[in-house]
Structure formats: C-alpha cells, structure tokens
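> Take a look at the letters that make up each chain.
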Amino acid sequence: MRKSIQHGAKIPPMLTRSEQDRYHRQILLIGEEGQEKLKSARVVIAGAGGLGCPVATYLAVAGVGHIRIIDHDTVDRSNLNRQILFWDKDIGLAKTWSAGEKLKSINPDIEIDAVQATIDDKTAPGLVRDVDAIVDAMDNYPARYLLNHLACTFGIPLFHGAIRGFDGQVTSIIPGKTACLACIFPEAPPIEISPVIGVTPGLIGMIQANEVIKYLLGTGELLTNRLLIWDGLRSSIETIQVERDPYCRECSHLYNDGVMREKLK
Amino acid sequence: MNVRVKAFARFREIIGSENTLQLNEGTPVIDALKTLSAGSLDFRDACFDKEGNVASHVVLMINGKRISSKDREKVVLHDGDELAVFPPVAGG
Numbered sequence: 001m002r003k004s005i006q007h008g009a010k011i012p013p014m015l016t017r018s019e020q021d022r023y024h025r026q027i028l029l030i031g032e033e034g035q036e037k038l039k040s041a042r043v044v045i046a047g048a049g050g051l052g053c054p055v056a057t058y059l060a061v062a063g064v065g066h067i068r069i070i071d072h073d074t075v076d077r078s079n080l081n082r083q084i085l086f087w088d089k090d091i092g093l094a095k096t097w098s099a100g101e102k103l104k105s106i107n108p109d110i111e112i113d114a115v116q117a118t119i120d121d122k123t124a125p126g127l128v129r130d131v132d133a134i135v136d137a138m139d140n141y142p143a144r145y146l147l148n149h150l151a152c153t154f155g156i157p158l159f160h161g162a163i164r165g166f167d168g169q170v171t172s173i174i175p176g177k178t179a180c181l182a183c184i185f186p187e188a189p190p191i192e193i194s195p196v197i198g199v200t201p202g203l204i205g206m207i208q209a210n211e212v213i214k215y216l217l218g219t220g221e222l223l224t225n226r227l228l229i230w231d232g233l234r235s236s237i238e239t240i241q242v243e244r245d246p247y248c249r250e251c252s253h254l255y256n257d258g259v260m261r262e263k264l265k
Numbered sequence: 001m002n003v004r005v006k007a008f009a010r011f012r013e014i015i016g017s018e019n020t021l022q023l024n025e026g027t028p029v030i031d032a033l034k035t036l037s038a039g040s041l042d043f044r045d046a047c048f049d050k051e052g053n054v055a056s057h058v059v060l061m062i063n064g065k066r067i068s069s070k071d072r073e074k075v076v077l078h079d080g081d082e083l084a085v086f087p088p089v090a091g092g
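Just so you know, the sequences run in chain order B and W. The first sequence: position 230 = 230 (the numbering used here), numbered continuously. The second sequence: position 57 = 57 (the numbering used here), numbered continuously.
Simulated from the structure, these hints should not be mistaken for laboratory data. Note that the structure is predicted; figures quoted are calculated from it, not measured. We put the CB at the ideal spot given by N, CA and C, even for glycine. Where hints are given, some of them may not hold.
As a list, the in silico EDC-like pairs of lysine to aspartate or glutamate whose alpha-carbon atoms are at most 20 Å apart [said to hold, decoys possible]:
no.: 1; chain 1: W; residue 1: LYS6; chain 2: W; residue 2: GLU51
no.: 2; chain 1: W; residue 1: LYS70; chain 2: B; residue 2: ASP245
no.: 3; chain 1: W; residue 1: LYS70; chain 2: B; residue 2: GLU238
no.: 4; chain 1: W; residue 1: LYS70; chain 2: B; residue 2: GLU187
no.: 5; chain 1: B; residue 1: LYS102; chain 2: B; residue 2: ASP113
no.: 6; chain 1: W; residue 1: LYS65; chain 2: B; residue 2: ASP245
no.: 7; chain 1: B; residue 1: LYS89; chain 2: B; residue 2: GLU101
no.: 8; chain 1: W; residue 1: LYS70; chain 2: B; residue 2: GLU243
no.: 9; chain 1: W; residue 1: LYS6; chain 2: B; residue 2: GLU238
no.: 10; chain 1: W; residue 1: LYS50; chain 2: B; residue 2: GLU187
no.: 11; chain 1: B; residue 1: LYS102; chain 2: B; residue 2: ASP73
no.: 12; chain 1: W; residue 1: LYS70; chain 2: W; residue 2: ASP31
no.: 13; chain 1: W; residue 1: LYS74; chain 2: B; residue 2: ASP245
no.: 14; chain 1: W; residue 1: LYS65; chain 2: B; residue 2: GLU187
no.: 15; chain 1: B; residue 1: LYS122; chain 2: B; residue 2: ASP73
If you only want the chain B side, here are some residues facing chain W, beta carbon under 10 Å, derived [as the list claims (entries may be wrong)]:
no.: 16; residue: GLY52
no.: 17; residue: ILE91
no.: 18; residue: TRP97
no.: 19; residue: GLU101
no.: 20; residue: LYS104
no.: 21; residue: ASN107
no.: 22; residue: ASP130
no.: 23; residue: ASN140
no.: 24; residue: VAL196
no.: 25; residue: GLY220
no.: 26; residue: VAL242
Covered stretches of chain W, going by a simulated chain B footprint (3 or more residues, C-beta under 8 Å) [to be verified]:
no.: 27; segment: 9–23
no.: 28; segment: 65–77
no.: 29; segment: 80–92
Please work from the sequences and hints to get the whole structure.
Shown next as structure tokens:
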C-alpha cells in the first residue's frame, strides 16, 4: 500500500536548473515556492478521454510532479476528434501507453504513472488514496459517483467536469466543506453515447486543470458550491450557486451530523 | 403572473434559453413545465419520464435555489420567479 500523503506536510523539493528554465514564465507569477508546490503534488486523472487528455497535458506542462492517469481502453479512430494525446499512428494502442509516451515527451521533468485499469470499486481505492487531488474525467455517472464516494471517504478534493455536444459543466468539491457531486446531481442522467465537438472537452478540461492548479497553489477562488456551465453555441459561461444537501447519501456524515440533521427535520 | 423559465444545455437547444410564461399565481413548478411541454414534444420527452414526472436527473432551481427532490412535486411559483431547468451532461 502506498504511503498516505498529508497535503501541506511535505518538504518542498528544490527546483533544478532545467525546471527553473522550463517554468520561468509561470515562476514570474507563482514564484519558486509555488512551483515547488506543484512539483511535490500528486494528482490522479480518472479517464484518458476527451477531458483527461487536456487535463493531463496542461497539468504536465505546468509541472505537477506526479500525474497518474488511468484508463482501460485502446485508441480508436473515432476518439481522434477530441482526445488530443492520441494521433493517427496510435490507433489500436493502449490509451495509457500512448498518453504516457506523449506526456513524458512534453515534460521529462515530471513523473507519469499511466495505469491500464478499469475504474471500479476494487481498483479505484488503491489508485486514488495517496493523491492530493482527483480529477473526474470519466464519461459516466456510476464511475463519477464512485470517485465522489472515495473523495469523501479519503477527504481528497474532486474536480468534476462533464460534456455533451457544445455544452459543458465544471465544479470543484472539497469534501466536508462544500457540496459534493451527489449533493448537486443526486440522480444520474440516462446513459447515451454523447455527441461532442472536440473543443468542448478541451475547454472544460482546461478549466478543470486550472482549478487543480489553483487548489495546489492555494490561490484564487475555486468553483466550490458553484457549477460552471459552458454554452459553446452561444459562447457564454454562467455559474450557478449550488449547495450542500444536508441529507446527502455521500457527504452528510462528514458534518456534525446527527445534530445538524435533527435540526433540519 | 409572469415567470421566467431559463433553460440550459440540451433544453436550451429545444426551447431556447429563456421563456416567459403567463400563469396563475401559485402554479406548481410541474405545471409550468407541462405548459412548456405542450408546445414541444421534444421538451416533454427530455424533461419528463414515462410516468409523467419530471425526470429524476433534471436539476430544478427557483431564483437560484435548488428544489430538493422531495419538494419538486409540491413547490409553487410566484410572480417574478425565475425557474431554471438544467439537465446534467454526462460525457467525457
């Protein structure tokens, strides 16, 4: 079993000369201290699809020190309109192998742990419990609910994104503090093969990556208790307020509960 | 009374982003949605289940405040309310 990491309790690693050069333009923004925070961070990306590809790419170039990307699938030609880590030459290869190769090439200064696995209740706990952040880049709600359950169980932030067509949604979840995925979406929408234009997961994935980076740096305002909704047909973004469900099946136990629930009856 | 209905994602493609409905004071939310369904079978099929209830995954909000699943059949609308209907998207 991997050793559990307590966020913020680590001694930040020093940056090498190569890293100082690579991240020069963002060190101007976040300082070496911020860059060291990114370097010492461990992030898991659940899914190497339309969302997982841009999330992984931007976290890799930002210098997140350890990225674990999980998927069970192989590259199909029909993936190529949106899954930008996979190229025509990769058709038939394992997505994790192909993603790992690209990510290591784009930034050899970070560690990539590409895991070929189906995310289910047997595999997922061991794959997420030692990280600082979980990125939901899945394509179905049962798997998302499992990630949300594990995020609430282990107290690890979850960064949710989902898309369909020209539409997308993003929210960030800090278990025990903010609305969780089951508070916001207690019921899963019907299963379908989502039509999609590649820009939509590209944009939503980048917002998720931006949320992860802000969380790791401890800067800005996260999309907590807010759902960001992207309408690509109108090029408009709205955020709507969401709130914790005191009766939530997943996270209500994280609060002072018996008392709070009694009061709300 | 007038109630604004704000639609998101696929609902927006079907009924447009905003509709203003003229309804009787105290009209239940479900009746407002049925009024919209009368003008669009696509909206009815997307928003309601086979039993004629609002599909369980559809998020409903009045004036930015979410209506909980247990209240959605009984909540009523008042003049000037904004009802938001949002179908979560699932793809990745």
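> For each hint, tell me whether it holds in the structure or not.
Hint check results:
1. W:LYS6 / W:GLU51: violated (24 Å)
2. W:LYS70 / B:ASP245: Cα-Cα ~12 Å, so holds.
3. W:LYS70 / B:GLU238: violated (26 Å)
4. W:LYS70 / B:GLU187: With Cα atoms ~13 Å apart, LYS70 of chain W and GLU187 of chain B stay inside 20 Å; holds.
5. B:LYS102 / B:ASP113: holds (12 Å)
6. W:LYS65 / B:ASP245: Given that 20 Å is the threshold and the Cα spacing comes to 12 Å, the pair holds.
7. B:LYS89 / B:GLU101: Satisfied, since the Cα-Cα distance of roughly 13 Å is no more than 20 Å.
8. W:LYS70 / B:GLU243: This hinted pair holds, its Cα atoms lying about 16 Å apart.
9. W:LYS6 / B:GLU238: holds (12 Å)
10. W:LYS50 / B:GLU187: holds (16 Å)
11. B:LYS102 / B:ASP73: Roughly 17 Å between the alpha carbons, so the hint for LYS102 of chain B and ASP73 of chain B holds.
12. W:LYS70 / W:ASP31: holds (17 Å)
13. W:LYS74 / B:ASP245: The given pair, whose Cα atoms are some 18 Å apart, holds under the 20 Å limit.
14. W:LYS65 / B:GLU187: holds (18 Å)
15. B:LYS122 / B:ASP73: holds (18 Å)
16. GLY52: holds (7 Å)
17. ILE91: For ILE91 of chain B, the interface hint is violated, since the closest Cβ of chain W sits about 20 Å away, which is over 10 Å.
18. TRP97: This interface hint is violated because 20 Å lies over the 10 Å limit.
19. GLU101: violated (21 Å)
20. LYS104: violated (23 Å)
21. ASN107: Nearest chain W Cβ about 23 Å off; hint violated.
22. ASP130: Not OK, violated: ASP130 of chain B not within 10 Å of chain W, min 23 Å.
23. ASN140: holds (6 Å)
24. VAL196: holds (6 Å)
25. GLY220: violated (23 Å)
26. VAL242: Nearest chain W Cβ about 6 Å off; hint holds.
27. 9–23: Answer holds; 5 residues pass the 8 Å Cβ test.
28. 65–77: Answer holds; 4 residues pass the 8 Å Cβ test.
29. 80–92: It holds: at least three residues are needed, and the segment 80–92 of chain W offers 8 whose Cβ sits within less than 8 Å of chain B.
Consistency note: the structure conflicts with the earlier hints numbered 1, 3, 17, 18, 19, 20, 21, 22 and 25.
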